[in-house]
Amino acid sequence: MSILVFIETDNGNVKKSSLEAVSYAHAIAAQNQGTVTALVLGKVEESQLGALGMAGASKILHADDTALDTPSIMAYASATAKIFNDTNSDLLILAQSALATPAGARTAVKVGAAMVSNVIEVPEVSGDSFKVKRGIFTGKAFETLTVTAPKKVLVVKKNAVEMKTDGGDATVEKVSVDISEGDFKLKVLETHKQEGDVLLPEAEIVVSGGRGLKGPENWGIIEELAGTLGAATGCSKPVSDMDWRPHHEHVGQTGIKVSPNLYIAVGISGAIQHLAGVNSSKCIVVINKDPEAPFFKAADYGVVGDAFEVLPKLTEAIKAVKS
Amino acid sequence: MKILVCITHVPDTTAKIAFTDSNTKFDESGVQFIIGPYDDYALARAVELKAAHNGTVTVLNVGLANTEPTIRKALAIGADDAIRVNAAPTDSFFVASQIAAVAKDGNYDLILMGRESIDFNSGVVHALVGELLGLVSVSPVMKLEVKDGVAIMDREIEGGKQSVEIPLPFVAGCQEPIAEWKIPNMRGIMTARTKPLQVVEPVGAEEQVKLDQYSLPEAKGAVKIVQQDQIDDLVKMLQNEAKVL
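From first to last, the protein sequence lines stand for chains W and V.
Sequential numbering from 14 applies to the first sequence in the numbering used here.
Sequential numbering from 115 applies to the second sequence in the numbering used here.
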């Protein structure tokens, strides 16, 4: 089985979720005498490529066309489809993101492959049978599908597989791709990105605040805890609706869905729509002064107490163990 | 301006999820169905653009006859007419193929939908439709203005947003705060009853996936409550037991 992995970069750095995608591909390849080829489009720091080998890629194809330095869903799909066909690949793996998911979908149409997103486990492959499990109803359930088409594109959720770091060296080969003017019809006017912060969808730890924080002026205690943990900050829907926090921090069914190792919810009661956005977190800690808050039922650990007293203590305790 | 809005017919966000027939069918008993929340935002913005640009809004749903109350609600909100592709939505490629087949000859300036459905969460139908029609697809769109055949949009990116410009036509997956949800008024509800709802048969689309079965997450163990004055114990548990610090 020939597996191609789409690598997403950010300012020349390979995203961690793409290393997870390579590890995921390696897990499939290991069971099915497969090969794993990583495809990097546009600018990348050479020093970053080694990590792709350690994550399980045996070959890296690098299309260093400068037109690909700026992320473009259309151009990425055209480039990926050409390489998928040129390499006679059977399977394309991408890590879920605002860029990779639609690029993967468009690639699937171009190469005539089946498209399955939101995948959460390594597929079961036996002979021609290919079964894959994906999250549905915003994490409230799963479905197992048999993919019947011979060519396949899978978009994998974060934390679907343990990241591999003990692979070997991968060979690097330059490739050229087909992109046309039509791939750049969409013109980017401006990009606003918070610099230096841990991005919510990528974060290993998320600290979220709700109405229990009483106002945006009190967010300092959330930020201090997040800063100590190297975490991203999130919020509940009412908080973003009231403009206490920006929309891109809204965690939940109609906001950002997260699957970190640790999710700390502070002053959030736990509406079903919020739980849907966090229920694939590995560990959930809930801090709320209302012992009846429904969130406690979904939590692994709970503290019944006032956020304004608990959070500074928690931040200090974590600082103490980290020092 | 001709706008096509694709809507899903999905269980309410608070619905209890259960399955029947050896976990191969969604249990609809006692479940209220709604317009997909993200699709509702797309529809609301379409109705505003229609008013501003003297346009028309057609709603499209891929579904069996039981989705018609949901389609009528979209008509009550302000769509002019509706098309129902008479088929159960099986997977994202099938749905996208039906949308593309309807849109192909419709000369729509904008094809809008939610960024994803809240039942199957594929989040790719807009991109598949875009590719099938050879149009640019953009998602998730939080702001959409149209002037002189060009759209200016804000779309969410990880940790921020991006403003983009694109000539019509295109396909967009929408989300809040692109518009305020609209609640149908009595006049809208009355007129919706007589607005045209055309039923068309599906086009053939190759089956790519087959459902084996649905499943539910394993039940969570009981929460471990830590006292407010024993925060050090919580940190120890997160380190040694949960191994997340």
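Please keep in mind that the hints were generated in silico from the structure rather than gathered at the bench.
Please note: incorrect hints may appear among the correct ones.
Think about it this way: if two alpha-carbon atoms lie no more than 25 Å apart in a straight line, the pair counts; the simulated DSS-like pairs of lysine-lysine are [said to hold, decoys possible]:
(1) Lys334(V) / Lys28(W)
(2) Lys123(W) / Lys324(V)
(3) Lys275(V) / Lys334(V)
(4) Lys218(V) / Lys28(W)
(5) Lys144(W) / Lys257(V)
(6) Lys296(V) / Lys139(V)
(7) Lys275(V) / Lys56(W)
(8) Lys310(W) / Lys338(V)
(9) Lys295(W) / Lys130(V)
(10) Lys350(V) / Lys153(W)
(11) Lys295(W) / Lys334(V)
(12) Lys302(W) / Lys139(V)
(13) Lys257(V) / Lys123(W)
(14) Lys335(W) / Lys310(W)
(15) Lys350(V) / Lys198(W)
(16) Lys146(W) / Lys275(V)
(17) Lys310(W) / Lys357(V)
(18) Lys338(V) / Lys295(W)
(19) Lys324(V) / Lys144(W)
(20) Lys198(W) / Lys275(V)
(21) Lys350(V) / Lys332(W)
(22) Lys200(W) / Lys309(V)
(23) Lys338(V) / Lys326(W)
(24) Lys218(V) / Lys198(W)
(25) Lys261(V) / Lys200(W)
(26) Lys302(W) / Lys338(V)
(27) Lys275(V) / Lys257(V)
(28) Lys357(V) / Lys326(W)
(29) Lys257(V) / Lys200(W)
(30) Lys116(V) / Lys198(W)
(31) Lys324(V) / Lys338(V)
(32) Lys153(W) / Lys257(V)
(33) Lys153(W) / Lys164(V)
(34) Lys29(W) / Lys275(V)
(35) Lys295(W) / Lys350(V)
(36) Lys153(W) / Lys139(V)
(37) Lys153(W) / Lys95(W)
(38) Lys130(V) / Lys310(W)
Checked hints:
no., hint, verdict
1, Lys334(V) / Lys28(W), "violated, 31 Å"
2, Lys123(W) / Lys324(V), "holds, 21 Å"
3, Lys275(V) / Lys334(V), "violated, 36 Å"
4, Lys218(V) / Lys28(W), "violated, 37 Å"
5, Lys144(W) / Lys257(V), "violated, 39 Å"
6, Lys296(V) / Lys139(V), "violated, 32 Å"
7, Lys275(V) / Lys56(W), "holds, 22 Å"
8, Lys310(W) / Lys338(V), "holds, 10 Å"
9, Lys295(W) / Lys130(V), "holds, 22 Å"
10, Lys350(V) / Lys153(W), "violated, 30 Å"
11, Lys295(W) / Lys334(V), "holds, 11 Å"
12, Lys302(W) / Lys139(V), "violated, 40 Å"
13, Lys257(V) / Lys123(W), "violated, 29 Å"
14, Lys335(W) / Lys310(W), "violated, 29 Å"
15, Lys350(V) / Lys198(W), "violated, 54 Å"
16, Lys146(W) / Lys275(V), "violated, 31 Å"
17, Lys310(W) / Lys357(V), "holds, 21 Å"
18, Lys338(V) / Lys295(W), "holds, 15 Å"
19, Lys324(V) / Lys144(W), "holds, 9 Å"
20, Lys198(W) / Lys275(V), "holds, 19 Å"
21, Lys350(V) / Lys332(W), "holds, 13 Å"
22, Lys200(W) / Lys309(V), "violated, 38 Å"
23, Lys338(V) / Lys326(W), "holds, 18 Å"
24, Lys218(V) / Lys198(W), "holds, 20 Å"
25, Lys261(V) / Lys200(W), "holds, 15 Å"
26, Lys302(W) / Lys338(V), "holds, 15 Å"
27, Lys275(V) / Lys257(V), "holds, 10 Å"
28, Lys357(V) / Lys326(W), "holds, 20 Å"
29, Lys257(V) / Lys200(W), "holds, 16 Å"
30, Lys116(V) / Lys198(W), "holds, 21 Å"
31, Lys324(V) / Lys338(V), "violated, 40 Å"
32, Lys153(W) / Lys257(V), "violated, 29 Å"
33, Lys153(W) / Lys164(V), "violated, 36 Å"
34, Lys29(W) / Lys275(V), "holds, 21 Å"
35, Lys295(W) / Lys350(V), "holds, 17 Å"
36, Lys153(W) / Lys139(V), "holds, 15 Å"
37, Lys153(W) / Lys95(W), "violated, 37 Å"
38, Lys130(V) / Lys310(W), "holds, 16 Å"
Violated hints for the displayed structure, listed by number in ascending order: 1, 3, 4, 5, 6, 10, 12, 13, 14, 15, 16, 22, 31, 32, 33 and 37.
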